[in-house]
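Engineer: Residue-level listing of the chains:
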Amino acid sequence: MSNGHIDTITILNEASHARSPHPNPDETTSHSTKLPKDGSQVAGYPQEGEGTNVSLREFRVNARIGMLTISDRASRGEYEDKGGPAMRAWFDRVLTSPWQAVARVIPDEQQLIEAALVELCDVEGCSLVVTTGGTGPALRDVTPEATEAVCEKMMPGFGELMRSASLKFVPTAILSRQTAGVRGRSLIVNLPGKPSAIDDCLNAVFPAIPYCIDLIEGAYFESDPEQCKAFRPAHAKARQP
Amino acid sequence: MSNGHIDTITILNEASHARSPHPNPDETTSHSTKLPKDGSQVAGYPQEGEGTNVSLREFRVNARIGMLTISDRASRGEYEDKGGPAMRAWFDRVLTSPWQAVARVIPDEQQLIEAALVELCDVEGCSLVVTTGGTGPALRDVTPEATEAVCEKMMPGFGELMRSASLKFVPTAILSRQTAGVRGRSLIVNLPGKPSAIDDCLNAVFPAIPYCIDLIEGAYFESDPEQCKAFRPAHAKARQP
Amino acid sequence: MSNGHIDTITILNEASHARSPHPNPDETTSHSTKLPKDGSQVAGYPQEGEGTNVSLREFRVNARIGMLTISDRASRGEYEDKGGPAMRAWFDRVLTSPWQAVARVIPDEQQLIEAALVELCDVEGCSLVVTTGGTGPALRDVTPEATEAVCEKMMPGFGELMRSASLKFVPTAILSRQTAGVRGRSLIVNLPGKPSAIDDCLNAVFPAIPYCIDLIEGAYFESDPEQCKAFRPAHAKARQP
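Chains as they are written, first to last, in our numbering: chain B, 854 to 1094; chain L, 854 to 1094; chain Y, 854 to 1094.
Isolated chain B, as found in the complex (with noise of 0.2 Å):
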């Protein structure tokens, strides 16, 4: 089955920013339309100007998703990211919707944290954000305090469901603080450090996730049930782009 990964236009307009939280004019004109570095168009996407507002909308809506890695030692090169590339190889193998991954690699500081949650949402327009590192309770952790300074809601059960989903292996799974919650469109869950804990708590949180990311008007992601069922109450699944 196709993984569904191609790289999308990314054509972050007007009404994608209207309801961000920290608008920034300058942001929002110099990326209002990006368009792939070869030139490319992407077979399937309708062009400016074609269909209804509406439909538009919904197929402009980029189906991007930030994979932000916390580690000092990552960030210094001193270390290989294990934990980036175990989240874009889940959502590979579960994503069947078209989507692009924009991924960074940054140190354990709480307003470089902000800072790449901010672009990753209100600049690059990611509809889910979700992040791996940090989430435990030594000095240096502190990525469930950067999203809870740049989101308006927070979405308690996430944390709740993975550390209740990690307590099955480990009964350290207590110690993680990870929290998730929304910036405007975008959704931003913090994953935990451990490549095989990001698959549990994937695994965990993922069936909520698009339809979550329906409610906050983000894309449209669908998935391959067998390798992991998102689910959208009956009346959610006409809205299908």
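Bear in mind the hints are in silico, worked out from the structure with no lab data behind them.
Each hint should be verified, as a subset may be incorrect.
Given that identical chains are not distinguished, each listed pair holds provided it fits within a single copy or across any two copies.
[To be verified] Computed cross-link-like contacts, DSS-like style, restricted to lysine-lysine with a CA-CA straight-line distance of at most 25 Å:
(1) 1021 <-> 935
(2) 1047 <-> 1082
(3) 1082 <-> 1021
Note that this is a predicted model, so its numbers are computed, not measured.
Starting from the known structure of chain B, fit chains L and Y onto it as the hints suggest.
Structural biologist: Frame of chain B, contents of chains L and Y only:
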């Protein structure tokens, strides 16, 4: 079995306001004595001046339940309020002690929700306020934020258990941000918007509610144990008025 | 089996204060070296100047556990403190590495609780502080608020698991607002007031506590695995001093 629903006399005496977090002298005065609109007295309830101070206080505390429907469409009349009647039907079926419903329907505006919660707690003297709607991730969903803004104490165990109970039915249960908290002598509990989910959540958390309201010195509630059994520790059972 | 309880030398060196969030120069100075009141040295502990800096630091970190009973009645002597001795008995039974208890009994006053937590963490150098009492919904229950006020990082997984574990015994477990958090090199964990519930909660969360304290660079604790097995990931087991 009688559902115990009667129109009770509402006497908000000074004592019942003394620990209110945001006392409004005007409200306390103007609502210090409220009689049924038809001027009747309620059988079985002591009149002012009867009995000892202690038993009077027990009887005077209002066995009122505020039922707040939070929905843009229902408040405009575009949509029938189904959450409010579902909450009412649940308590009608389960409670056996006398109680009174105070219902409101308002739009998803945080300031209006906060004002309605304050009025139901401080002016109407509801020992319990249940809300329906506005707990999801969408832009207009602000019920948990309004609840937190008016409570002195948050009760995270309610949200955790309601999400955990709903997860048995739908994986999107983690998208509910519902919470609970205490304001003065009132317990506020957020319930979902969907009537069947309201029942699931009340079945999960109600067993702890009457004892919680005892602890904050609210009214005494009794339930039909065959419908939903309220739990009180052995030492608390003697308090029954 | 020896319970490992001895009167340890408490040496709060500069390093152990360096990351304290609210350093108090007077406290740091006056408590920079504390010897047992009888002037003795403790067998098996290195004296100042012995060994390498690294191993000294390991040994100097205080294996102290603060035990804070929060109860108006117990602090006035109207009521025997049962929570404090129950916590002490649990650790006496479970811990096998040397440790020392630092007990306090105070009323349910937020400022006093905060001051006692700060003193146990920053002055007494307790790597772990457990509290009993004050976690319910009543007006005087303010232990979670005091805990949150003095911690830099909250650990929501502790409260979630303790409530979930207690729910197997009583439906009113959701009324407990107990939480946990990190202050500097100290972990603070709220426990219930009732001795049997203290045991249930410690049995649930203790397996993650020694590794959590490793991560915040506190003391090294070992337990009798037949009583309650502490879990450390494979890579962490080598750290043992």
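Engineer: Does each hint fit the structure? Answer for all of them.
Structural biologist: Each hint tested on the structure:
1. 1021 <-> 935: within (23 Å within a copy, 33 Å between copies)
2. 1047 <-> 1082: Both. Shortest intra-copy (23 Å) and inter-copy (23 Å) distances satisfy the 25 Å Cα cut-off.
3. 1082 <-> 1021: Both, since 21 Å and 16 Å are each at most 25 Å.
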